[in-house]
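All chains should be built: construct the whole structure from the sequences, respecting the hints.
Numbering of the sequence shown is given in the working numbering, commencing with residue 906 and proceeding in unit increments.
Treat the hints with care, since some could be wrong.
As the list claims (entries may be wrong) - Per label pair, the in silico range of CB-to-CB distance:
id: 1; residue 1: Pro983; residue 2: Gly1045; range: 27 to 33 Å
id: 2; residue 1: Ala1130; residue 2: Asp972; range: 38 to 44 Å
id: 3; residue 1: Leu1110; residue 2: Glu1141; range: 19 to 25 Å
What the hints assert, rightly or not - Mimicking SDA-like on lysine to any residue, the simulated pairs with C-alpha atoms at most 25 Å apart in a straight line are:
id: 4; residue 1: Lys1081; residue 2: Ala1063
id: 5; residue 1: Lys978; residue 2: Arg1039
id: 6; residue 1: Lys1081; residue 2: Ala1140
id: 7; residue 1: Lys978; residue 2: Gly1043
id: 8; residue 1: Lys978; residue 2: Glu1031
id: 9; residue 1: Lys1081; residue 2: Leu1131
id: 10; residue 1: Lys1081; residue 2: Glu1061
id: 11; residue 1: Lys978; residue 2: His1044
id: 12; residue 1: Lys978; residue 2: His1115
id: 13; residue 1: Lys1062; residue 2: Gly997
id: 14; residue 1: Lys978; residue 2: Arg989
id: 15; residue 1: Lys1062; residue 2: Arg989
id: 16; residue 1: Lys978; residue 2: Arg1121
Honestly, the hints are just simulated from the structure, not real lab data.
Virtual Cβ for every residue (Gly too), placed ideally from N, Cα, C.
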Amino acid sequence: VRAGPDPGLPGEGSGGIGKTHAWHGGRTGYGFPRSGSEKPLVCRWTTRHHPRAMERSLFFDQLAAEDDPLAIKPEHEPRMEQLRRRLGDLQGKRVFEPGCGAGPLTRRLAEWVGPYGRVLALDPCEGMTARCERAVNGHGHVEVRRGRAEDAVLEEKAWDLVLCFRLYPHLDNPVKFVQQCRRWLAPEGELVVANLEGSASLNALHAELHGVHNDRMPSGDRLAALLAEQGWRVAEAVDAPEEYFVRARPD
906 VRAGPDPGLP
916 GEGSGGIGKT
926 HAWHGGRTGY
936 GFPRSGSEKP
946 LVCRWTTRHH
956 PRAMERSLFF
966 DQLAAEDDPL
976 AIKPEHEPRM
986 EQLRRRLGDL
996 QGKRVFEPGC
1006 GAGPLTRRLA
1016 EWVGPYGRVL
1026 ALDPCEGMTA
1036 RCERAVNGHG
1046 HVEVRRGRAE
1056 DAVLEEKAWD
1066 LVLCFRLYPH
1076 LDNPVKFVQQ
1086 CRRWLAPEGE
1096 LVVANLEGSA
1106 SLNALHAELH
1116 GVHNDRMPSG
1126 DRLAALLAEQ
1136 GWRVAEAVDA
1146 PEEYFVRARP
1156 D
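Now the structure itself:
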């Protein structure tokens, strides 16, 4: 794995102002017991953002200190197989994965694209990128960087797929992100927004979690409409209880 440079985080995004909530014990709601003995790794960019974004960053700091943050549960393996089928053959493809977290999908992408492909994984949380680097250690065609998706500086017209997995509701500025994707994608390149839960299930989960309780996923139809308004051709929009998958190409 190649660790990329810290690109800096120039913008504040458009996150709203929210209340500050205390972190409660027990499970995080993502399926991981909280490890109170571990000190969370701190994302240095948090003080430059609005309280809502700071609240979210602290939530993910806490997750980064867990044993296996946001791991794919065994019962979700059929959903992952469905995701892989929908993505199609990725051998030799160039894939950008913003919001990679600890790398549960990144390590799979490393195999799916093969040694002649390329994966660039990005996350704003230092603890998450450190874990992701360990997860893909030994894969020379995978690079891990730290930074916000909206502020990423990438080669233009150079990416076959931007795969926004478990990220979209956590974006401070989704409009800016989608505009950036248009610049990054190669001709016939695709933007995919995916989750292992439908929007209703995901929003219900987030509502119970301090730090991400304001992070709402639009319905598949709503996201498809938003993309179309911005000049994208939506090829697929699935929003089912156990799957969320929206695929679009720049017009």
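Do the hints match the structure? See the list:
no., hint, in the structure
1, Pro983 - Gly1045: 27 to 33 Å, "holds (31 Å)"
2, Ala1130 - Asp972: 38 to 44 Å, "holds (40 Å)"
3, Leu1110 - Glu1141: 19 to 25 Å, "holds (24 Å)"
4, Lys1081 - Ala1063, "holds (18 Å)"
5, Lys978 - Arg1039, "holds (19 Å)"
6, Lys1081 - Ala1140, "holds (21 Å)"
7, Lys978 - Gly1043, "holds (24 Å)"
8, Lys978 - Glu1031, "holds (23 Å)"
9, Lys1081 - Leu1131, "holds (13 Å)"
10, Lys1081 - Glu1061, "holds (15 Å)"
11, Lys978 - His1044, "holds (23 Å)"
12, Lys978 - His1115, "holds (22 Å)"
13, Lys1062 - Gly997, "holds (16 Å)"
14, Lys978 - Arg989, "holds (16 Å)"
15, Lys1062 - Arg989, "holds (24 Å)"
16, Lys978 - Arg1121, "holds (22 Å)"
The structure shown violates none of the earlier numbered hints.
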